[in-house]
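J.: Based on the provided sequences and hints, a complete structural model is requested.
Line by line, the protein sequences give chains A and B. Going by this note's numbering, the letters in the first sequence line up with residues 1 to 234, in that order. Going by this note's numbering, the letters in the second sequence line up with residues 1 to 304, in that order.
Wrong hints could be hidden among the right ones.
[Claimed, not checked] Which residues of chain B face chain A? A partial, calculated answer using Cβ under 8 Å:
hint, residue
1, Thr-2
2, Glu-59
3, Pro-64
4, Thr-66
5, Leu-152
6, Ala-156
7, Phe-230
8, Gly-231
9, Val-233
10, Asp-256
11, Ile-283
12, Gly-290
[To be verified] Just so you have them, the derived chain B footprint on chain A, three or more residues with Cβ under 8 Å:
hint, segment
13, 23–30
14, 113–121
Think of the hints as simulated: they come from the structure by calculation, not from any bench. Note that CB positions come from ideal geometry on N, CA and C, so glycine has one too.
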Amino acid sequence: MNQIVLAALSLLVGLVLGGLGPRSEVRHLQKQLEEQPDGPCVSTVGADLAALMGGRNRGQQAPQRSPLGDREPAELAEMNPEAAELVESMTDEQERMEEGIREELSSGIGEEEQELARTALELRRAQARAALVEDARPDETQMETIDTAVKDMNDSLLALADEMAEMLDRGEEPTRRDAMAFAADALDTMLVAEDEMRSALDADQIEQLDEGALDPFSYVGPEIIDVLGGMGEQ
Amino acid sequence: MTAFLMSLRDTFQVGRFHLIRAVRTWTVVFLCAVYMLGAGGVAWSFRGLIGKLEQSAAELLRVPVTDTPGAMVEILRGREELQSIMSGLIPDDTLLDWALSLPVLTIPHFWMALVLLPFIAAVIGAEVISPGIRDRSLRYELVRTGRLELMLGRWAGQCVLIGLGTTLSVLPPLVIGEFFMVGQPFGESLSVLLGMTPPLIAWSLPFLGLGVACSQSTANTNFARLFALFGTVSTWIAFGVFQTDWMVRKAPWLVDILEPLLPQSYIESLWGPGLVWVLPSVILLGLGIGFALLGFPLFARRNL
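T.: Here it is as structure tokens:
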């Protein structure tokens, strides 16, 4: 066993001694970093950058005096091409960001909000289904009927939403009567779904249930958000 | 070479007899019960926490509240929202993706085991040698083998017992996930929990070694347990102190020498996808043997 003991001890000694160099090197570099002076930078890149950016903002006045001497933007760009390049890329980046913000504002519902809404609907559906299973304890056939009813309802709602989206695509503004008809169709679809879910369960099971577990609104699928989000962009 | 093989055989035999004795005296049953109770307690507490969170979320979303949790958390596992929240805690994207792909009960199982196992292993290790010193029964075993073989054989036998306990501790989270929660993937949970078992066993070894070292230093088992627990707590305190800037500034050489010898220095390396745990586990095995040998100079000279 002496050999195994020696192997284990060698491993530990190697671990300690072998790590001494790298660890002290890291510490030395960290110390160097900490010791970097906070004083003014001797390089003129920062000052030139500020002067160049100041020159591009027409609404603002350029700094009146520079300790390094006042120079024209063109002169600065020639003297310090790195700073000029950096300013160019920053300006492009800023323009892209502004464009992104404009698009986000014009699109109505943002992607993040849509994702949140999808998650909320997904959570509602999962929780309502879990409550139904916990309280009513439906058998496999009953569960299959309920799942089919929910699927049919979501398919119908998606078809209705698609129809509405197509209308908007064609540039038609839905009339008051159209909107009422859509709402009536959607409610009808939900009522049919609830009736099918109720018919799948017996009276005792329904009695055990929380009313919310059969609420068809809790079972609306997250796919509808994509269609509704698309409508917001019209 | 022959001497080495004879020594290895003796160690194996001591370990085997240690296991047989543990079975005969029902110690193995007690040990497995402790591991399973610990794992069950953690899983049950976490189930309760998930239940409370889901109840609040259900009230907020105006859907019925359930007594059995798990439906919502399984939906959230694959969503971007949870990913963005967790990215603050786990900056490494690969590690984050891996962590979020794990079944929910496996995560507290692993992390709570990292906290609890050192104490259990140290206490168990403290009972390996000292009862034999106290009743002087070790003399009869030492007629046939050496002290080093006896000590390492018992350490190895205890490692097997800890391995058994750690492996069986995957059962409570599985049972709780399957029968007291909804939507928990049984097969995936089983494979993940079994995958977490080898690093957890490796994590226990240094603390078991610490317990065995304490067990060699005294004939009083209660003292040995106390020393082992104190030693385990000390490693956590030392690890915390070594993480402070003050310590790094004041005594960097001490940190450089002692930190690699603390098992806690490898704790984060055990957590990750694939086989990232293998290298730290080899180091922890070395630390386990090294810690067990701390008490050997005293044991080797002890008048039995």
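J.: Broken hints, numbered, in rising order?
T.: 1, 2, 6, 7, 8 and 9
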